[in-house]
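Here is how the chains run, residue by residue.
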Amino acid sequence: MQRTNADSPSPSRAARRPRCDLIPADAYTVAELTDIYNQTRIDYIVPMPMNPARLQEYIDNYDLDLTRSVVARTGDKTLGLAMLGVRPSHTWITRLGVVPDGRHLGAGHAMMSHLIEQSYNVGASYIILEVICGNVPAHTLFVRLGFEEVRELLILRRPPGAPKASVPAYDVVHGDESRALELLQRRRSAPSWLDEYESLRNAGSLASIEVTLADGAAGWLAYQTSVFQLGRLVVQTEQGDPASVAATLAHALHTTHPHKDTKTENLPALDEHLPGLQAMRYMESFRRTEMRRPLDPAINPS
Amino acid sequence: MTKILIMEDDAHQRRLIQRVLEHGGFEVVAAPDGESGLRIALSAKPDLILLDMGLPDMDGQTVAGLIKGSTFLADTPLVAVTAWPRDVAAEMAAAYGCDGYFSKPISARRFADQIRDLLAEYGSTRPEDGGSTH
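Line by line, the protein sequences are chains A and B. Numbered per this note's numbering, the first sequence spans residues 65 to 366. Numbered per this note's numbering, the second sequence spans residues 96 to 229.
To be clear, the hints were calculated from the coordinates, so they are not data collected in a lab. The model shown is predicted, which means the values in this text are computed figures rather than measured ones. All C-beta atoms, glycine included, are put in the ideal place defined by N, C-alpha and C. One should not assume that every hint holds.
[As the list claims (entries may be wrong)] Some chain A residues near chain B, calculated using beta-carbon distances under 8 Å:
{"hint": "1", "residue": "M112"}
{"hint": "2", "residue": "I219"}
{"hint": "3", "residue": "R221"}
{"hint": "4", "residue": "P223"}
{"hint": "5", "residue": "G268"}
{"hint": "6", "residue": "F292"}
Bound-form chain B, shown alone:
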């Protein structure tokens, strides 16, 4: 099953994304901050990382820089989730090597499909196929 890591400090938002993705057939691991998120990323090797750009210990850009600078994680699709204005989000996500971004609030109805589309774009297996990615 395709594994998604969510790094999101807001518990409500984290639970919402987790429920939506699990309902959509994904395996989900979640972290409330950058440090634990990086630890989970290194141990669980997710197929995609959803990164809130406003984390309480280190901000999203720093986390993105560390993920994309890691030989172990650099190829993992990284998607920013942010409340920033769209133009700033697009510029910042691209500059920090993110493979895409979602503006908050996410659409609970469409989010799992959007993630499936992203994974398909990056050559990952769809969750219903039951295979691993990359």
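Bound-form chain A, shown alone:
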């Protein structure tokens, strides 16, 4: 257990703050962590509650390390939660939240400082995180801790239904998970943590679509398919206009799966495929800002 008051901006405020204890998240069951997480999000712009099964899936898919993730407490009261994903070159801070009546006590800062220290300890060269656009208090905290904005990422939805918009004739080849993973290794765009190769491989149930248009344009799509939903779309144009290729891929996808809802997270707002997806009824649900903090081993605080 780590005890801290080091996050206080001034000694006088520190004196008024209760002591904040940081407890490794692996001391809690997934059901308990789920409950804490849901309590921290209750008044968020996009609350996104979870149940234990979804949190466990999240932990597995995104390589969260519960021994390095923390729950903040003061006395018997739980203040918040912050989780750390760990991969060889970098870490990812996620599920950070403080319960409404535990805010302004320094718990967020304390948990973030702990995860930054943990990131140094695993030898990561940088940390990334995402914050929902409009969450000013969190964004301000991250900037204060040395994070810089990288890009905006979109969460897109498309309701079930076969495509209504038409596209020029095309040839299509459907592939299974092994083909999808093969294609993903050829990816050129910079993924976010949620759609890095490891995340997609961990999530499984992948498939692929490759299209070739009459004018020679070509591209591929890797995606996840579940009983009710399609998701985790990764689009790459090999040749031709990205918007046309994306529209054609989406046409093929939704012709194949007309009854499924679609949710895809973290498409960069400036991605050239976006207009093609929008033409196929994809709409923005909300957006996040991706932020990054380099870790210079020379200044490891521990």
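With chain A fixed as given, assemble chain B onto it according to the hints.
Only chain B this time, still in chain A's reference frame:
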């Protein structure tokens, strides 16, 4: 009596809506997540479904898509209840076939009347008439 199904994960909010609607003369069935909500919807065939768009097992859009894609439930008025910004809520509710939406927090004083107005708009019987709908 007109039957309303509430799908809402937040227990406090669920109890509040339930109390308000029961006080307004509606029969209420409630579910804390999408899976149990869909099961209840199929067995109880409510006259209107209030759907929180942020559920813990599957999100509201997915549930809405399943309801509107079901031959058994497609005609049941479906109303989204959401904390999203108004423009997003309106666009998303319409795209997913919802028949209306309410922004959180709901008005406890006006909510039962708002539901009555919605039901009247969709041709359902008012609760005080004691009849079934559709």
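Going through the hints against the structure:
For M112 (chain A), the interface hint holds, the least distance from its beta-carbon to any beta-carbon of chain B being 6 Å, beneath 8 Å. Interface hint at I219 (chain A): violated, since its Cβ lies 11 Å from the closest Cβ of chain B, which is beyond the 8 Å cut-off. With its C-beta approaching chain B no nearer than about 6 Å, R221 (chain A) sits inside the 8 Å limit, and its interface hint holds. A cut of 8 Å between beta carbons decides the hint on P223 (chain A): the least distance to chain B is about 5 Å, and the hint holds.
Because the closest C-beta pair between G268 (chain A) and chain B is about 18 Å apart, greater than 8 Å, the hint is violated. The closest approach between the C-beta of F292 (chain A) and any C-beta of chain B is roughly 6 Å, which is under the 8 Å cut-off, so the hint is satisfied.
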